[in-house]
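Colleague: The chain contents come next:
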Amino acid sequence: MSALLELTGLTAHYGDFQALFGVDLTLDAGQTLAIIGANGAGKTTLMRAITGIARVTGGSVVLDGRRLDRMAAPEILRAGVAMVPEGRRLFPSLTVEENLRIGAHARQGSGFWTLQRLYDLFPVLRDRRNHPGTALSGGQQQMVAIGRALMSNPRVLLCDELSLGLAPVVIREIYAAFPTIRDSGTAIVVVEQDIGQALKVADHVHCMMEGRITLSGAPASLGRNAIHDAYFGVRHG
Amino acid sequence: MIWLDTLIQGLMLGGLYALFAAGLSLVFGIMRLVNLAHGDLIVLGAYLILGIGTATGLNPFLAAALALPPMFALGWLLQTALLNRVLGEDILPPLLVTFGLSVVIQNALLMGSSADSRKLPVGPVEAQSLALGPVNLGVMPLITFASAVAVIFGLNQLFYRTALGRAFRATSDDPVTAQLMGIRPQRVFAVATGIALVVATIAALYLGARANFDPSAGPARLLYAFEAVIIGGLGSLWGTLAGGLVIGVAQTFGAALNPEWQILAGHLAFVAVLLVRPRGLFPRAND
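Note that the protein sequences, when read in sequence, are chains A and B.
Going by full-length UniProt numbering, the first residue of the first sequence is number 1, and it counts up by one from there.
Going by full-length UniProt numbering, the first residue of the second sequence is number 1, and it counts up by one from there.
Extracted from the complex, chain B is given alone in its bound form (with noise of 0.2 Å):
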């Protein structure tokens, strides 16, 4: 029965990841775009709830909701100013500026709340369980998995059921073409990286709310992201989200067996994943 539960957590600590990597897949398949600072961005946001919550002494929940529309602009902000200048044939001056991005963030954060670690006070609901059968099931990372699901759901939705989702898609194919269409890309991508960084404020919350956090925090959370994208194949949702299980699931064993082992194990399963299925669990047809 333990394994039972150390799977039922790995798949919970899963979610997390998921909502870490969401924004970073959403932007890779629509751009194809690796943002180095979309850990740093995640722990802005958290930073941001923080702040809101202190200022007006609304629980984390709601200082989260409020951090949505800043985030949404910052992140179309970040697109029209500073991403689609750089992005193009080469690779290489995204990677390069975002990674410089990641260390403006982290020392920006650390001169505005000092090196201190933090953690969002989400209430009496942290300590709340439900036992399922022979399962115990926090709360927390019940609602942190069903938000990883929501969320991929919903950026699915608005990938293939609207016309914004066929504005995404069809500039990922050809952006020439869209801009015959009468597509304008960078304000397509400028509308990306905003519901990129709004999902990164729904994964901060998490984030938050399940450990603590400090300015820089932001890499090693990319890391999680960056494999579980990989893991799920380039470009597919509901892959990144499987990604961020397996990951998850990795390292609760790995954890099962040795404490010391929780991160390695994840980071071997990626490793595994990638010996075995070199385009990831899911990849698109037509890259």
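This is chain A alone, in the form it adopts within the complex (with noise of 0.2 Å):
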């Protein structure tokens, strides 16, 4: 089975910084993936490229035989790849329903997202539908902005840090939701410094130091000290 999306030798620069070295990885269809590291270990960096928001400088990414590296941040969305950016951004202007609603500005034709499924997976949306959605806790600002990305019925999901800042009771109540997500079809990937909660969710797990992948492997078959080393950049021998 070829994978869904793969990175191959995947650069990225900020300026004359280079952010990313050669970065390879695969997704298959309907597999979770984690990536893990510390701060400034290039995993939003990471993310931020596939989507086209930071600028590829080498490697391709191809979403079931289509390079997107090429492609601008609207058109890799169309091509199915949503993003739950870091820090949530959502529209202040907009109510918690627009901003759902503008998750699916792109899409074509029907899926299995629609705003009742939405309201059916995060209940405390739907009685707060008509509030500006920046008006709402941190917690459930998260859930409109997985909700807004899956409004476009995407193939991977890619969420950066949707435990960053939240009290662990929501964050629980937040990855709940993921095996609906899964079950929807769709893929996804979770950028995460808590590693408990990655490790949860993933059925594959990527450690992340200095821009390049340092560890790989299913999450039982990785040892707790190995992935602290790989985390923290300790090395042996």
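These are computed hints drawn from the structure, not numbers from a lab.
Every residue gets a Cβ at the ideal spot worked out from N, C-alpha and C, and that includes glycine.
Be aware that a few hints might be false.
Beyond 10 Å from chain A on every Cβ pair, some chain B residues (computed) [what the hints assert, rightly or not]:
id, residue
1, T54
2, P69
3, R169
Facing chain A, a subset of chain B residues (Cβ under 7 Å, in silico) [claimed, not checked]:
id, residue
4, R166
5, M181
6, G182
Join the two chains, each given in its own frame, into one complex according to the hints.
Modeller: Structure follows, in structure tokens:
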């Protein structure tokens, strides 16, 4: 079976500063992938490079046979890759429901995700649908951001730092939605500093450091020590 | 009673200024672009209406309707070919480019139709008036005012009730995240400038019907429009209407005291509002 999303030798720069050094990564249909690593490891840059927000300076991103790395961000979304950006980035002048609807801006035809299904997934949003998106609590805003990305019915959903700044109970509530998202046929990539949460939902884990993937494997096959070392950059022998 | 009459005439005049300002307000609200050629584009619209009317024999209202699609197309082209290239973090390039555009339009009009002042012949409606109690209302000023309210209402509906309006607001809030939603900001901007020129054409109809215009009439209209937008609060369409009315009323009261004070009174009202409310009457909460 060929991969749904395949990154080969991906590099990215911010001006003269190189942020990614030849990242290879594959994501299969229906798979949930976690990318963990400390602050500044290049995780967010990787997400931004895939979605066309950061400039790719080398290598390739291929979704189901289509090159994405030369496309602009709106075209990459249309191709089927949606992102929940770090910090949620809801539109302040839009209500909760408008924030969700704008996620379907480029959508053609029908798909699994509708407003109704999102309100079933996150019932609290239904009651608050006419509030400004930014008037909600952090956790609820994160639900809106996830719903907004799902409204495009993406084949791949990238989630950047979902748990940042949220209480553990709220994080659990958000991650409880993942099985439903996965069952809808969407492959998921979560970027996390919260290793515990990432290991719980993922089929496969990559650990990043200084713009490179330093460790990969199924969560069960990787020892806690190996992950710890890769995360903090401890080198043995 | 003369004061009531002056107030009503001022409100009517304010409607015209609000029409001048609506397109400017729309474009500023969406892409933070101050279009210094806005007044000249209104004058260009007036010449286009005049040209269509002369060529076809249609009255200016119908000629204006025919002028709307080409003006929309001009706005689209202007944004796509020129303004999108200079929009960015730095606010200076768009100011310089639209200032240059203003000079280009004025000189092109001067070459195309001489410096003579022109007027749109709207016919008998120009002289008609309605007696409402003690006040006599000109039919044209009344239509102008009603059009201003209708345009602002229409733009508000577009902004808050349609998918396009949602895309306008989202792009205005955060263009990068908007792209993650599949929105192409440059296309959104092109549509916005197209709509702004449609509104400018409506303003042009009433400008040309009310008074004489010539190729150099644009900058003064821009000034009134700009003051109306600032008084109303940047980005607020109803605020822009209110701003237009403030200037209109100030001007007619100034003129009632002394005809030489009309223009001055409008500018003084602008300064007075800014002293009390530096962000305008209805500032947007999230700016």
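Colleague: Confirm or reject each hint.
Modeller: Tested hints:
no.	hint	in the structure
1	T54	holds (43 Å)
2	P69	holds (25 Å)
3	R169	violated (5 Å)
4	R166	holds (5 Å)
5	M181	holds (5 Å)
6	G182	holds (3 Å)
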